Amino acid sequence: MIRMNQLKLPCGHGEGDLEIRILKTLKMKRTAESLTYRIVRHSVDARKKPLLYDVYTVDVSLGGGPAREKSLVSKLKNNNIQYCRPVIYRFPKAGETPMAERPVVIGAGPAGLFCTLLLARHGYRPLLIERGRPVEQRQEDIRRFWESGRLDPSSNVQFGEGGAGTFSDGKLNTLVNDKEGRAAFVLETFVKAGGPPEIMYEAKPHVGSDRLLQILPRLRAEIQAAGGEIRFETCCLGFRTEQGVLTGVETDKGLIRTHTAVLAPGHSARDTFERLFAQGVPMIQKNFAVGMRVSHPQSMIDRSQYGIDDPAQMRAMGLTAAPYKLTGKGRSGRGVYSFCMCPGGQVVNASSEPGKLAVNGMSLYARDSGRANSAIVMTVGPEEFGSDHPLAGMEFQRRLETRAWQLGQGRIPVEAYTELKEKFEQAERQDLPVCSADPQAAPPRNDAELTARPQNHAAQAAADAAIAERFAPVCIEGGWTSAPLHTLLPADMTRDFIDGMEDFGRRIKGFNGEEALVIGLESRTSSPVRIPRGEDMQSRIKGLYPCGEGAGYAGGIMSAAMDGMKTAEAIRKKYSPMAQQAGTDDK
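In our numbering, the protein residues as written are 16 to 602.
These aren't lab readings, by the way, just hints derived from the structure by calculation. If you're wondering where the values come from, they're calculated on a predicted model, not measured in any experiment. Any given hint might turn out to be false.
Have a look at the derived ranges for each label pair, beta carbon to beta carbon [as the list claims (entries may be wrong)]:
hint: 1; residue 1: G31; residue 2: G520; range: 37 to 45 Å
hint: 2; residue 1: E30; residue 2: K524; range: 34 to 42 Å
hint: 3; residue 1: K219; residue 2: E195; range: 18 to 26 Å
hint: 4; residue 1: N93; residue 2: R246; range: 53 to 61 Å
hint: 5; residue 1: G80; residue 2: L38; range: 14 to 22 Å
hint: 6; residue 1: V102; residue 2: K219; range: 19 to 27 Å
hint: 7; residue 1: A381; residue 2: G79; range: 37 to 45 Å
We put the beta carbon where it would ideally sit given N, CA and C, even for glycine.
Using the sequences provided together with the hints, build the complete structure.
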């Protein structure tokens, strides 16, 4: 086939214009020979905004086949036109070792689901266990939590079918260098299960939480139809081993005998990390990022990125809500950057432990809420954690989340950015303690605003009403309240956050202005630990395969799903499929 890059057309072009451009670039006539094409990649070039261009990469097949395609490419001598062979994902050949018991996959996030799907399709009869509930019930549990504040620690934004990515922006882009075709396999699987077709070629593919809620039951049904089994509300408590070899998985429902287990628990499975560490499963500390979310009118972002903000004009040009990606540096030297940017989205309460609070960004497929939000975060490591203990990063998360819960009295704490900056800098000038600099310290109890807040309900209600009016619609799922967020993070991190916001305000007009609302706390950007594994994908415990974001090997839906595929491949290379035998692996 012929790969054609950099085909540009004005945004809003006609339906047949792309084919005309292809023919013109190939110097062919429409009736000369049969030609088919498919879009491989699409992006928007806004460098000359408000003049905007659709930029396409397409694969073209000619009726004359490879010989004709190679000949044409040779004659054209155009660096943007190359002959290439399609990359087709291929599952490896099976190993020769018989698999005595079926493999157990722990965690039904993207890594666990795609590992299970591949194993089921190829005859391994995998058993997938998940502490949370099926997505239909999970959705109800989350809605109840957002409306009432009653948290179910096992069924929430972090735990349940689909993992944490189900209630996020549903981004499907990845920076993984994929020469094996795994990314295309994941996207094709989503499309076949009901995902939007354009995710196959958009430069920044997005599926949306509402579409994921439809896709997941279909993936579940396919796994079950292929011989896999899924047990919800089943939590991994540990492993049985003999002489360093896995012999079983301990769960709250009993022992499951197996010599092969995939550990894909997600980045928030803190109790699992604690139990496995106590049991001697090797684990190391890993850097991650923390910060706060910032919300703006989507029209502000559209105007900055596209040069236009009229919804009707954007629709006519085929444009959706604009994203952004920002990086900078605070005065401490830390990098400050946007993370998980959600155009036209909501900020959601993503807590999973009682007495602790964390938020995340979420978008539906339409991305039409009217507000854009993104986390503005900084990378943290042992210096911030205060210890080199493998679980120190996790405890750092917990301390900050406890502080966030206290600031909001269980609700999501919010503060206008201009007020956060003013109050923090006033405290700096007066050399007042804003927040403890000691990473081991408990959340501060001596902040005057914090201790006074519960005593003046009328003032608090008035402050909340002012926020609701000023930032309407706030687009927050879960109870929220005005709070002194300038006291949430360690002081040097808040200073870096402000430095980053001021820098970003010079790039996007208004980013650091009156329309910016800060929402805390963003602390679940990635796993705080890594569970080491060898080239064979196994940990020091033979038969245990750490996998996905929770094990420290992915960051997002796509990279986690692809790591799940790699883990299934490793199992496939070692074992032959199970004989179709009756029986049970439960003790």
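Do the hints match the structure? See the list:
no., hint, result
1, G31 x G520: 37 to 45 Å, "holds (43 Å)"
2, E30 x K524: 34 to 42 Å, "holds (35 Å)"
3, K219 x E195: 18 to 26 Å, "holds (22 Å)"
4, N93 x R246: 53 to 61 Å, "holds (56 Å)"
5, G80 x L38: 14 to 22 Å, "holds (18 Å)"
6, V102 x K219: 19 to 27 Å, "holds (21 Å)"
7, A381 x G79: 37 to 45 Å, "holds (43 Å)"
Consistency note: the structure conflicts with none of the earlier hints.
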